[in-house]
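2 protein chains.
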Amino acid sequence: MHDPLLLPELREMLNENDAPAMREFCTIFHPGVVAENLAALTPAEAWHVLSQSNLRQQVEIFEFMELDRQIELVSTIDKPRLSALIEEMSADDRAELLRNMDEDQVELLLPLIAQAERSDIRKLLSYPESSAGALMTTEYASLREELTVREALAALHSQAPNRETIYYVYVLDEARHLHGFVSLRKLILARPDALVRDIMETDVLSVNVNDDQEAVANKMARYDFIAIPVVDAEERLVGIITHDDVLDVMREEATEDAHRMGAVAPLEDGYLSTPFFTLAWKRGIWLILLLVAGFGTSSLLNLYDGVTEQHEWLVWFLPLVLASGGNSGSQSATLIIRSMSLGEMSRANQPRIIRREFATGLVLGSAMGLMAFVFASQYVQWPHALVVASTIALVVTFGTTNGTLLPIALRHLGCDPALMSNPLIASLSDALGVLIYYNVALLCLRLMSPAA
Amino acid sequence: MHDPLLLPELREMLNENDAPAMREFCTIFHPGVVAENLAALTPAEAWHVLSQSNLRQQVEIFEFMELDRQIELVSTIDKPRLSALIEEMSADDRAELLRNMDEDQVELLLPLIAQAERSDIRKLLSYPESSAGALMTTEYASLREELTVREALAALHSQAPNRETIYYVYVLDEARHLHGFVSLRKLILARPDALVRDIMETDVLSVNVNDDQEAVANKMARYDFIAIPVVDAEERLVGIITHDDVLDVMREEATEDAHRMGAVAPLEDGYLSTPFFTLAWKRGIWLILLLVAGFGTSSLLNLYDGVTEQHEWLVWFLPLVLASGGNSGSQSATLIIRSMSLGEMSRANQPRIIRREFATGLVLGSAMGLMAFVFASQYVQWPHALVVASTIALVVTFGTTNGTLLPIALRHLGCDPALMSNPLIASLSDALGVLIYYNVALLCLRLMSPAA
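Chains A and B, in that order, give the protein sequences.
By the count of our numbering, the first sequence reaches residue 452 at its end, each step adding exactly one.
By the count of our numbering, the second sequence reaches residue 452 at its end, each step adding exactly one.
Everything labelled a hint here was simulated from the structure, so no lab data went into it.
Warning: the hint list may mix true and false statements.
Said to hold, decoys possible - Partial selection, computed: residues in chain B whose CB lies under 8 Å from chain A: (1) D248; (2) N349; (3) V363.
All residues carry an ideal CB built from backbone N, CA and C; glycine is no exception.
Same shape as in the complex, but just chain A (with noise of 0.2 Å):
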């Protein structure tokens, strides 16, 4: 929070029921600061702080609350009032507010929202989530290419007040196909009488209407625009994405990945805003899946169990193996998945990367098992110590290899390679490592004694 003695001091004017200090704290402060001090008051609290200010601030606060915040306090309120506030919000807030809230609520609502909006709402509701469509907003500044840079800065102050941005203006002709856009930047710079047509960038990069929003942040990443441009098959502009809800998408990715990578369903909200029981459910599935994969290895080795009775040493380093196959296949599909969320890895350059990942898994097996041949001499004689180092080489070469085909198999199927987590990985990993360490353990025990 940005300043821990705000909340009191608001607490007090609430009590005091001091209108005009109100208002001024909706004034001042920015209006993201003043949404996370409002997020400790009850709902009736929240609003009546907010209607001291005028629309425009109340939507702007507004805004900067959290998503189950915001749907909390719409439940609270009439609907006509409740209709004023979503007609005065950015478009791509309002959608993501509308897409998450009760069904038969916006169905009621919707009447009540003028036309030109309502006709918008549907639109951006149409497009599936996490699309660039469902992300975008449609209050982006044009002009068309014949104005001078005076008549530009003149339309464009007429379009400031209510478009997500005036800083990049994209130029279109009647059918809105995107010609070229012009920083704000350059305007200022350019010489009153110059045309918007001689000064505008023609090598536009935009963004499909349906690509995913992971390749819309990338995209964004490499290039460093404020927003980017966001158009239909026809390429004719119907939004624009802005840095702000890239930052936002980029944070929501990473954190979806490192949850499926740590076998934990993705959640919709925070860790501390997603209830208990959900939470445990997210995890719970995922663990039980994980038991059932345990109880094929149980099966296994329940299989290899005259060979255990035998050789107890077996069972010493039977974690140890286990352990090598499963930890070297966690890195090579973290390595993997995080190349593929960052754009890295494209079709072409994946031969290259399975191959460079065998050798690796071959370099790291060998070093390990040569490792643990020096560590289990301590406990067992040396051709048992070689049982165990040359099942870690092998283990930890198919560990590499598996851990780096999956995820592309995944990939391949349309699946997110994230499903394919660390420890599903590992439990992979551990019914292979007992095939192969009881395989290794029974070929080198019959050759070392061939009178049996």
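Given chain A, work out where chain B should sit, using these hints.
Using the frame of chain A, we list chain B on its own:
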């Protein structure tokens, strides 16, 4: 890549030494697109294309290149040309390049750079890596509060060409204390004779020059700024950090966290640009550490050798018990570490989080214990299944608790909590799992045969 057809065209221009075409290439495309296409050429070829355009364009394109490509390119040109390039670069990109260049080369280069730029470079290089100071640029736009809007726009007009952004303008006094800021949008909308003092925002959210870059990124994400001001201990403005640099930080930090949690020491470059043996080493050190930890588990199992001999079935469920502890620990660690990175977790809500994770462990442990009992009963008599079930309940509860407490402890010690990687949590759970498993088994067996 923006357009896969550009590269062949570029090669043709080079073959025909078509200077006007190369100049046009550098001019009409987005500098990021030009940089990507030049990446496929040799340094000499890239410089040949670049030298057809003016210095400003060369620098814009150069700044979009990957850092290691920049370092490769600067090593192939003479010092006068290099110093001209560096003088023209933006302050933050320049500092980033020099910080990563060979120190001796930098010392030879600095005398050739103009005095003003040189002291700016020395100052930026003095801030520790990953601090706000290392990330910021000194090229911000600033005004005095007594100006009118008309005067302010005129002043901005002259500052615009060499400022990183002019969309936020900072209002300073003679001692460079930050009094407020005003957006260009607001300036354009205001009456020309209004005073900057009357329209500026006075609640300026800023970061300290020594703040960590992750904290900066979280603040930017929360308040949706295009740029955030950086102040020193005396609240004097020393620089600004822009949205594009924050997006890069966010990607870097998420990648570093993901790699650490997958037990890979953080890479300085991308996965593909890290040399084979560097990458193998950054994985190998962790694997070897985990191997040593694995041998700890082996020694423990060695101690319980007599028990295993009598109760073969214990081995069947060993991987299952160990995996359950590791998986539940990884989940908790993932959630806690990600929460910390997002700045959701403070000292104040820490006790609540610990209690919550402990409760989750109990719930998940009980549920999994129950399922394990059902499964294990298929293989062994019910008292043995009970041993497996109660061990799993305990191991999951402990796993969750460890996965919560260990990252928190690391942060208290001033280390990166993501060092507590999933494999490390799993490996610590292994040792604990063996201890719990065998002791529960011994206890149950003793209770069941009181005669022994």
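These are the hints, each one checked on the structure:
1. D248: 7 Å, holds
2. N349: 7 Å, holds
3. V363: With a minimum Cβ separation of about 5 Å from chain A (threshold 8 Å), the hint on V363(B) holds.
In summary, this structure violates none of the numbered hints.
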